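Engineer: Just so we're aligned, residue 720 is where the sequence shown starts under this note's numbering, counting upward by one.
Hints should not be assumed to be uniformly reliable.
Listed next, with one range per pair, are the computed distances between beta-carbon atoms [as the list claims (entries may be wrong)]:
#	residue 1	residue 2	range
1	861	727	36 to 44 Å
2	721	841	24 to 32 Å
3	783	809	22 to 30 Å
4	955	756	28 to 36 Å
5	755	946	40 to 48 Å
6	856	815	19 to 27 Å
7	861	769	28 to 36 Å
8	779	841	48 to 56 Å
9	782	896	38 to 46 Å
10	950	751	36 to 44 Å
11	784	955	21 to 29 Å
12	929	723	35 to 43 Å
Calculated from the structure, these hints are not laboratory results. Quick caveat: nothing in here was measured; it's all calculated off a predicted structure. Even for Gly, the Cβ is constructed at its ideal location relative to N, Cα and C.
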Amino acid sequence: MTVSPSERIRRHQTAISVLILGVLAYLPALTAAPGRMPTDSKLYVYLYPGRFLADATTTFDPRQFAGWVPHQHIAYLWPTGPWFWLFETLGVPDWVAHRLWIGTLLFAAGLGARWMTRILGFAPLAALVAALVYQLSPYVLPYISRTSVLLLPYAGLGWIVGFTVLASVRGRWRYPAAIALVVLTVGAVNATALAMVIPAPVLWLVHAAWGGTITWRRAGVTAARTGLLCLGVSLWWI
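Model the full structure from these sequences, guided by the hints.
Structural biologist: What follows is the structure, encoded as structure tokens:
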């Protein structure tokens, strides 16, 4: 199959953008204080991830303080717990697993922002700039080494908005389902952090309906489908 020159240029631009975002996500994370671990989120998530995952399936731990109810442990069943369990199983040092976790959060955020802006019709350079601004936002600094799990909704925002645009324009169930899968991955740890990103897709639906890009009925149907599926995938932690 012959690739047209314009398609070849587009792929080249995409590859360069992905490379830039990847380098700026992983290189600072892996070179910052190598060998040292911050007290990020739940200590046992990366010290003893297997035990933590086993404990997360219950709401009562009788081994400490004459018994206690762990706070939000179930929320780490996906994706944080399996991430650190995998690297523990592979024998990767905890600090490397943690830096790769941080880099992946930033990389996912940047890629999502770039993909979303391309869907909205931005030129490749403008999309890259938007992604860089979002990925390198100072917003991440209070969380990145203390409560990095709260950055999950931030990492998923671009993907959620992008799929909302596609769902509203094309009107299929697959895109609300994709939003639900993103919410399944980013929404469990903190409902407030998830609620902070909800206005973005809602604003898009209102903007699109107000401007005549879609009908108000289509906006309502998209919101209803998305809300129903997102509620369904969130029942396990609610």
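Engineer: Tell me, which hint numbers fail for this structure?
Structural biologist: Nothing - there is no hint that the structure violates, so all of them hold.
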